[in-house]
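Generate coordinates for the entire structure from the input sequences, incorporating the hints supplied.
2 protein chains.
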Amino acid sequence: MPARLILALALLCSFALSQAQPAKNTAERLGYPAGTKLLIIHADDLAVSHSQDQASFNALDRHAATAASIMVPCPWLTEVAGYAHSHPDADLGLHLTLTSEWASYRWGPVASRNEVPGLLGPDGNLWPDVLPVTRHATAAEVEKEIRAQIERALKVGIHPTHLDSHMGTLFTPAFFPAYIKVAREYHLPFLASRTQAAPPALLSLLKENDILPDSIVMATGGKPETWASYYAGLVGALKPGLTEMIVHLAYDDAEMQAVTVDHPDYGSAWRQRDFNVITSPEFQKALRENGVTLIGWKTIGEHTNPKR
Amino acid sequence: MPARLILALALLCSFALSQAQPAKNTAERLGYPAGTKLLIIHADDLAVSHSQDQASFNALDRHAATAASIMVPCPWLTEVAGYAHSHPDADLGLHLTLTSEWASYRWGPVASRNEVPGLLGPDGNLWPDVLPVTRHATAAEVEKEIRAQIERALKVGIHPTHLDSHMGTLFTPAFFPAYIKVAREYHLPFLASRTQAAPPALLSLLKENDILPDSIVMATGGKPETWASYYAGLVGALKPGLTEMIVHLAYDDAEMQAVTVDHPDYGSAWRQRDFNVITSPEFQKALRENGVTLIGWKTIGEHTNPKR
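As they're listed, the protein sequences go chains A and B.
Heads up: the first sequence runs through residues 1 to 308, numbered per the working numbering.
Heads up: the second sequence runs through residues 309 to 616, numbered per the working numbering.
You may find that some hints are simply not true.
[Claimed, not checked] DEER-style ranges, computed between Cβ atoms: (1) A448(B) to P173(A): 26 to 32 Å; (2) K223(A) to G544(B): 54 to 60 Å; (3) E533(B) to A103(A): 47 to 53 Å; (4) E185(A) to E533(B): 55 to 61 Å; (5) E423(B) to T138(A): 50 to 56 Å; (6) G544(B) to H159(A): 53 to 59 Å; (7) R135(A) to H467(B): 28 to 34 Å.
To be clear, the hints were calculated from the coordinates, so they are not data collected in a lab.
Quick reminder that beta carbons are idealized off the backbone N, C-alpha and C, glycines included.
So this is what it looks like as structure tokens:
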């Protein structure tokens, strides 16, 4: 398991709601019977590459993925905006991005560079990992950048259904308040996780009526030959309530291999495997046999902000 | 011929040296006999896509291209920097970039956005064509941006051999002075063309000891089946002195097709054709049979700044 993933998952799981859990479970709050196993199959990282965009659009079109999120600072944003325009029902959120993690292919901030100097690595682009962001950037810079990303998305005609955080940078204690603050201002549901082990100052930012996944699952490695059985296992283990399954989709082609060069974790072949599994008849059969109900973030948004 | 190319070529050809031509011809000034047909085969547009980078590196490696120039604001800059590091003899200049011309794949400035507002289109990236740049940007903004591009290149370990201008934006009267000023400050040779029809204010910026190509040629369209014969014709028509042949190289793959979507001029197949022709045995044979001597911009730099 790559270090950055461990960090992201640990942070994602470190936020708890200090007050008692709501009386209704998440399925009920979303209008389903309490025993319903709700699942969002969520494609991360749109706009990074054409390969990722095409695989994700394909999965969204065939309802193999039910939602996705977009990395606004990345070069292919306009391609995603075109898809959003021609697919107004697509459930597309923003994968707020404070890192540029690949070796040979990089992007900078949306905000003016001189306004967010702490977000910039030596080459003037975003830092390649979460840790240097937390060391160098201020919460004010982060807030400025994520506001700029949302405004840029709106400007190009994307109306996001939700917010989440690339590589979990916004789940770190220093930046989580800015994330929640901005999400509430834009009336957007956001990804976070309720557990029982987070600082009270952060816990207090979550409200009882925030609808969050009860569980977040994603592939963290393993052998290619067990990829399908790993996902089948996740589906078999789903519990009543809401789970988000995060997938990373792309075609294993020359572009994607070059973007992810020297980095097999979340690499080109990895993403092709994710695509192959979730679009496979076997996976679709497992969802049916386990009585899984697929939803997207739009449903959460409707129940979070019923008057929108 | 696309409008933007006509504009670029017209501008490129509109600069003349008001004083008498130097007594020696360009070949002699570069240390060759007066009758030598010197040719730079120059690959434009590195760093835009992996496809363009790989085709250009391939052509440089096999000496089918003798020089190339890099678009610093583009996402694959680090890939090119890696090539420059592992190929210290590669003749790489900067293709100073003030436009972002593709529909689904875009880039912004290197300078802080709030310092170069006139360079930005509605989506916060560079304008898609030359005309809006000339309408909205000031010379001061252009100078700031091209300085930022040179500094960024140096920062990532690229030591440019020369400067030229993507889509010819810097050959427009309003911006040409900034281009020349910055080139002189960095002691870099630059692409421009001597003719007899430019405003005196611009002509006065060129010095007698500037070594510039006597002729600049490139493909401007035509049928795929006549691509090779077109280039053979260019080679057959070379005259003594220095010619720069500009080529646009890429592999016709999914990435390149997506970058250049809906734009056959300078599109994916066009660039593959350029690659196929200049790397072909027939083209190499034509160069030999016509007694062509290939050089790069390094040679010009050495003769322009003999003490560097």
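(message) Which constraints among the numbered hints does this structure fail? Numbers only, ascending.
(response) Those not satisfied are hints 1, 3, 5.
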